[in-house]
Amino acid sequence: MKYLTEFRNGEVAQRMAREIHQVATRPWKIMEICGGQTHSIIRNGIDQMLPAGIEMIHGPGCPVCVTPLALIDKALAIAAQPGVIFCSFGDMLRVPGTDADLFQIKGRGGDVRVVYSPLDAVELAVKNPEKQVVFFGVGFETTAPANAMSVHLAKRRGLKNFSLLVSHVLVPPAIEAIMSSPENKVQAFLAAGHVCSVMGYWEYPSLAAEFEIPIVVTGFEPLDLLDGIRRAVIQLEKGEHRVENAYERIVTYAGNLEAQRLLGEVFEGTDRAWRGIGVIPRSGWRLNHNYRDFDAEERFQLSGIHTEESPLCKAGDVLRGAIKPAECPAFGKECTPRHPLGATMVSSEGACAAYFNYGRFLSAEELASAGAVNA
Amino acid sequence: MPDHGAPDFSMWSCPLQLADYPTIVMGHGGGGKLGNELVEHLFLPAFRNPALENLGDAAILELGSGRLAMSTDSFVVQPLFFPGGSIGALAVNGTVNDLAVSGAEPKYLSASFILEEGFPLAQLAAIVSAMADAAAEAGVRIVTGDTKVVERGHGDGCYINTAGVGVLRQGINVGPNRAQVGDAVLVSGTIGDHGMAIMSVREGLEFESQIRSDCAALNGMIANVLEAVGPAVHTMRDPTRGGLASTLNEIATAATVGIDIDEAKVPVRSEVQSACELLGLDPVYVANEGKAVFFVAPDSSDRALEVLRASSLGRDAARIGVVTAQHPRMLVARTAMGANRVIATEIGEQLPRIC
Amino acid sequence: MCLAIPGKVEQITTDGDVRIGRVNFGGVVKNVCLDYVPEVAVGDYTIVHVGFALSKIDEQSALETLDLFRKMGALDEELASEEEAFARAAIAPQSACPDGSCELTGKNLRDISKGGSAE
Numbered sequence: 001m002k003y004l005t006e007f008r009n010g011e012v013a014q015r016m017a018r019e020i021h022q023v024a025t026r027p028w029k030i031m032e033i034c035g036g037q038t039h040s041i042i043r044n045g046i047d048q049m050l051p052a053g054i055e056m057i058h059g060p061g062c063p064v065c066v067t068p069l070a071l072i073d074k075a076l077a078i079a080a081q082p083g084v085i086f087c088s089f090g091d092m093l094r095v096p097g098t099d100a101d102l103f104q105i106k107g108r109g110g111d112v113r114v115v116y117s118p119l120d121a122v123e124l125a126v127k128n129p130e131k132q133v134v135f136f137g138v139g140f141e142t143t144a145p146a147n148a149m150s151v152h153l154a155k156r157r158g159l160k161n162f163s164l165l166v167s168h169v170l171v172p173p174a175i176e177a178i179m180s181s182p183e184n185k186v187q188a189f190l191a192a193g194h195v196c197s198v199m200g201y202w203e204y205p206s207l208a209a210e211f212e213i214p215i216v217v218t219g220f221e222p223l224d225l226l227d228g229i230r231r232a233v234i235q236l237e238k239g240e241h242r243v244e245n246a247y248e249r250i251v252t253y254a255g256n257l258e259a260q261r262l263l264g265e266v267f268e269g270t271d272r273a274w275r276g277i278g279v280i281p282r283s284g285w286r287l288n289h290n291y292r293d294f295d296a297e298e299r300f301q302l303s304g305i306h307t308e309e310s311p312l313c314k315a316g317d318v319l320r321g322a323i324k325p326a327e328c329p330a331f332g333k334e335c336t337p338r339h340p341l342g343a344t345m346v347s348s349e350g351a352c353a354a355y356f357n358y359g360r361f362l363s364a365e366e367l368a369s370a371g372a373v374n375a
Numbered sequence: 001m002p003d004h005g006a007p008d009f010s011m012w013s014c015p016l017q018l019a020d021y022p023t024i025v026m027g028h029g030g031g032g033k034l035g036n037e038l039v040e041h042l043f044l045p046a047f048r049n050p051a052l053e054n055l056g057d058a059a060i061l062e063l064g065s066g067r068l069a070m071s072t073d074s075f076v077v078q079p080l081f082f083p084g085g086s087i088g089a090l091a092v093n094g095t096v097n098d099l100a101v102s103g104a105e106p107k108y109l110s111a112s113f114i115l116e117e118g119f120p121l122a123q124l125a126a127i128v129s130a131m132a133d134a135a136a137e138a139g140v141r142i143v144t145g146d147t148k149v150v151e152r153g154h155g156d157g158c159y160i161n162t163a164g165v166g167v168l169r170q171g172i173n174v175g176p177n178r179a180q181v182g183d184a185v186l187v188s189g190t191i192g193d194h195g196m197a198i199m200s201v202r203e204g205l206e207f208e209s210q211i212r213s214d215c216a217a218l219n220g221m222i223a224n225v226l227e228a229v230g231p232a233v234h235t236m237r238d239p240t241r242g243g244l245a246s247t248l249n250e251i252a253t254a255a256t257v258g259i260d261i262d263e264a265k266v267p268v269r270s271e272v273q274s275a276c277e278l279l280g281l282d283p284v285y286v287a288n289e290g291k292a293v294f295f296v297a298p299d300s301s302d303r304a305l306e307v308l309r310a311s312s313l314g315r316d317a318a319r320i321g322v323v324t325a326q327h328p329r330m331l332v333a334r335t336a337m338g339a340n341r342v343i344a345t346e347i348g349e350q351l352p353r354i355c
Numbered sequence: 001m002c003l004a005i006p007g008k009v010e011q012i013t014t015d016g017d018v019r020i021g022r023v024n025f026g027g028v029v030k031n032v033c034l035d036y037v038p039e040v041a042v043g044d045y046t047i048v049h050v051g052f053a054l055s056k057i058d059e060q061s062a063l064e065t066l067d068l069f070r071k072m073g074a075l076d077e078e079l080a081s082e083e084e085a086f087a088r089a090a091i092a093p094q095s096a097c098p099d100g101s102c103e104l105t106g107k108n109l110r111d112i113s114k115g116g117s118a119e
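Residue numbers (my numbering), protein chains in the order written: chain A, 1 to 375; chain B, 1 to 355; chain C, 1 to 119.
Wrong hints could be hidden among the right ones.
Restricting the straight-line Cα-Cα distance to at most 30 angstroms, the calculated cross-link-like pairs of lysine-lysine (BS3-like) are [unchecked claim]: (1) A/2 to C/71; (2) C/71 to C/8; (3) A/131 to A/324; (4) A/238 to A/185; (5) A/185 to A/333; (6) C/71 to B/265; (7) A/127 to A/155; (8) A/106 to A/155; (9) A/2 to B/265; (10) B/33 to C/71; (11) A/333 to A/29; (12) A/238 to C/71; (13) B/33 to B/148; (14) A/106 to A/131; (15) A/29 to C/71; (16) A/29 to A/238; (17) A/2 to C/8; (18) B/148 to A/106.
Worth flagging that the hints you see were computed from the coordinates, not collected in a lab.
Nothing here was measured: the structure is a model prediction, and the numbers come from that model.
Whenever a hint applies, use it, and build me the whole structure from the sequences.
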């Protein structure tokens with residue numbers, strides 16, 4: 001695929017990794033914010049290519065992982081109701097609530113459907129006027145424009161049977177919360193490239209200045225990630241703390257103004273609870289008064305939902321970068337992708353799932369010495 | 001989509017009755033006149049063979065001496081018709097392939113239908129026709145069957161179960177636990193075609209493409225390989241649900257060996273790759289219905305590959321890896337970056353993701 | 001988050017009030033909402049997330065970035081010619097601005113490389 005495959009060239013990647021080896025003289029800890037970046041790093045073994053001293057700390061950039069348990073339980077309650085078509089992205093289907101997940105609700109007779117786009121949910125509402133169609137709008141700023149447009153279209157078309165269950169979370173407050181934490185070890189950030197395609201990167205210079213950290217807007221393909229890491233390391237070595245754009249083919253300083261305009265029309269800022277981290281002030285978006293009618297939490301007055309986190313689950317520590325998945329006592333034992341205790345093990349973006357699936361419980365030596373393929 | 005026009009009712013003894021019922025009714029499963037009509041005028045003409053035409057409660061078959069292999073599978077795919085195939089073709093080829101990868105020559109199949117009240121006869125005719133074509137292509141006969149009808153709302157239109165028997169070839173002893181350290185791992189062609197063909201017509205996820213299911217009977221190709229290198233083949237499997245990854249993991253576990261593969265060598269059609277990118281899926285977990293993996297002793301692997309590539313269904317065959325004593329029960333892939341990643345068995349159905 | 005992939009716009013139509021593009025992702029075609037990228041025209045590449053185009057791909061920038069990447073890390077390769085080494089040194093950030101006082105964005109690097117030695 002054009003503008004994708006070229007950024008996966010293994011030979012070039014290895015040379016870029018060598019560059020990083022050449023410029024790094026000291027250990028550094030860099031956090032990639034976005035779950036998609038975590039997935040790409042682990043799946044491609046980017047972290048295996050880096051000098052030993054450069055540690056990638058996996059950030060809470062997995063909106064599936066950080067959606068509060070209480071909201072998941074609400075989603076399950078709505079999906080279980082007769083007369084409801086509950087639409088979601090595939091990622092959310094196996095995230096465990098207190099008692100079940102959406103997949104199980106589907107098994108018990110709930111009409112739960114995986115869709116590619118929130119527009120598909122709007123279509124379903126048009127085609128099924130006798131049902132209530134609810135779309136589970138989870139995501140960072142990248143997905144917000146899609147949800148905004150969908151609810152905007154639903155309003156324009158006068159749809160009475162479409163609503164949105166919203167859990168949008170924002171990157172800059174997350175960076176602030178992480179950097180303000182006393183346990184913080186992160187020294188530089190790779191900002192999420194697609195979030196920035198929407199929002200631009202005008203929000204970052206003040207963060208870079210306040211916390212004196214380099215922030216590099218980075219893409220998702222191996223070459224993009226290596227470039228982002230390289231630039232962060234160079235800044236760290238020089239004691240700089242600037243904002244750089246390493247994803248110029250997609251991201252501009254101002255971002256997508258059309259999208260930002262509609263976001264302002266549909267959403268407003270709110271405090272949000274991040275699962276495993278706690279409440280981060282002004283870190284989320286919810287439907288504003290113009291669109292409150294389309295808020296599923298308002299439309300479905302739910303009560304008596306019992307919410308309880310697993311006491312063994314350390315997803316919060318993983319999300320903050322305080323521990324690596326393999327350091328969690330439950331990792332691979334009570335908690336596996338088959339029986340996940342928390343969202344980080346279920347979501348393919350979650351660090352725990354990535355570690356488990358890509359074999360990070362093999363020792364580094366075992367993994368490195370494998371694959372002497374005589375093919 | 002195949003053109004499933006109305007069946008030719010002129011042959012039916014009670015054309016009035018059935019022409020008035022272009023859909024399946026409860027009576028078709030009752031074993032009475034309506035059921036017999038279906039057999040006489042739909043199944044028999046399609047599957048025409050002496051064993052079936054006896055219409056006894058059991059088919060009487062000649063199988064010679066030697067050991068038999070038997071396999072069964074049920075088919076519940078939605079949608080029933082998809083680019084490159086149908087539930088009918090799958091029902092025949094799926095069981096034929098299970099027998100073939102066990103080292104047997106597939107001979108006879110049974111076909112049982114569970115139909116939903118209201119299911120269009122025209123669609124049933126198209127499915128049956130597809131089964132007849134697939135059986136002819138594979139050189140097997142459908143010799144016995146059954147039809148049941150369930151009430152409207154209690155089935156997905158049409159479910160099919162097929163069971164098959166085949167004769168094990170002399171001197172061939174294959175099984176998942178027979179894979180040995182040093183064996184070459186071969187795959188007969190591109191992976192992910194079937195699963196993505198289904199995705200392309202799945203509501204909520206559909207997209208336009210030229211991707212077609214690879215649904216096909218592999219017994220001919222497998223016979224060629226066994227004739228050429230025989231006992232050097234230790235294991236064969238067709239990677240259906242769960243894809244290549246699940247199959248290789250199963251074999252690694254059964255034989256208590258490790259498997260190393262080179263990702264760059266696994267053949268994937270560029271369109272299938274694109275569709276996987278779009279939906280956030282990994283081709284190694286996507287279902288196939290016309291591919292086989294072979295674990296072959298190293299000295300014979302070149303020859304096996306040659307024979308595969310000479311077969312019409314094996315033109316894109318490739319050597320993708322090797323069996324190792326390291327990391328037993330694990331499948332490890334070398335990525336394009338030169339790093340290694342473990343490919344675990346997928347848990348349940350792979351779901352499209354947006355993250 | 002964010003599985004967004006690049007595709008080429010083959011056709012643009014209007015569905016009621018919404019601007020829809022037929023976008024080709026390496027042979028797979030899907031209809032995509034183009035309301036957020038009014039500047040995107042037929043023939044352009046755009047990045048698409050859950051059915052919405054979010055940004056036009058700056059193809060020139062993409063090609064220059066790739067070019068830059070391809071030139072990296074080869075300093076220790078035996079086959080590197082002197083010319084190549086000079087060109088690389090000219091665009092390598094640390095040598096271009098040793099005291100770190102200049103803003104080294106990709107744009108600046110491109111300017112430097114244009115003024116650098118022949119390639």
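Now the hints, each set against the structure:
A hinted pair counts as satisfied when its Cα atoms are at most 30 angstroms apart, and residue 2 of chain A with residue 71 of chain C qualifies at roughly 20 angstroms. The suggested pairing of residue 71 of chain C with residue 8 of chain C holds, with an alpha-carbon distance near 27 angstroms, which does not exceed 30 angstroms. For the hint pairing residue 131 of chain A with residue 324 of chain A, the CA-to-CA distance comes to about 44 angstroms; that exceeds 30 angstroms, so the pair is violated. Proximity of residue 238 of chain A to residue 185 of chain A is assessed by CA-CA distance (about 18 angstroms); at most 30 angstroms being required, the pair is judged to hold.
Between the alpha carbons of residue 185 of chain A and residue 333 of chain A the distance comes to roughly 28 angstroms, so the proposed pair stays at or under 30 angstroms and holds. The straight-line distance between the Cα atoms of residue 71 of chain C and residue 265 of chain B is roughly 26 angstroms, inside the 30 angstroms bound, and the hint therefore holds. This hinted pair checks out: residue 127 of chain A and residue 155 of chain A have alpha carbons roughly 16 angstroms apart, not beyond 30 angstroms. For a cut-off of 30 angstroms, the pair hint linking residue 106 of chain A to residue 155 of chain A stands: about 28 angstroms separates their Cα positions.
At roughly 21 angstroms between alpha-carbon atoms, residue 2 of chain A and residue 265 of chain B fall within 30 angstroms of each other, so this suggested pair holds. Taking the CA atoms of residue 33 of chain B and residue 71 of chain C, the gap is about 79 angstroms. The hint is violated against a cut of 30 angstroms. For a cut-off of 30 angstroms, the pair hint linking residue 333 of chain A to residue 29 of chain A stands: about 28 angstroms separates their Cα positions. Distance restraint check for residue 238 of chain A and residue 71 of chain C: the Cα-Cα separation of roughly 23 angstroms lies within the 30 angstroms cut-off, and the hinted pair is therefore satisfied.
For the hint linking residue 33 of chain B to residue 148 of chain B, the alpha-carbon distance of about 14 angstroms falls within 30 angstroms, and the restraint holds. Restraint check for residue 106 of chain A and residue 131 of chain A: satisfied, since their Cα atoms lie roughly 16 angstroms apart, inside the 30 angstroms limit. A distance of roughly 26 angstroms separates the Cα atoms of residue 29 of chain A and residue 71 of chain C; the hinted pair therefore holds under the 30 angstroms criterion. A distance of roughly 15 angstroms separates the Cα atoms of residue 29 of chain A and residue 238 of chain A; the hinted pair therefore holds under the 30 angstroms criterion.
As the CA atoms of residue 2 of chain A and residue 8 of chain C are separated by approximately 9 angstroms, the hinted pair is consistent with the 30 angstroms bound. The hinted pair formed by residue 148 of chain B and residue 106 of chain A meets the criterion: a straight-line CA distance of about 27 angstroms does not exceed 30 angstroms.
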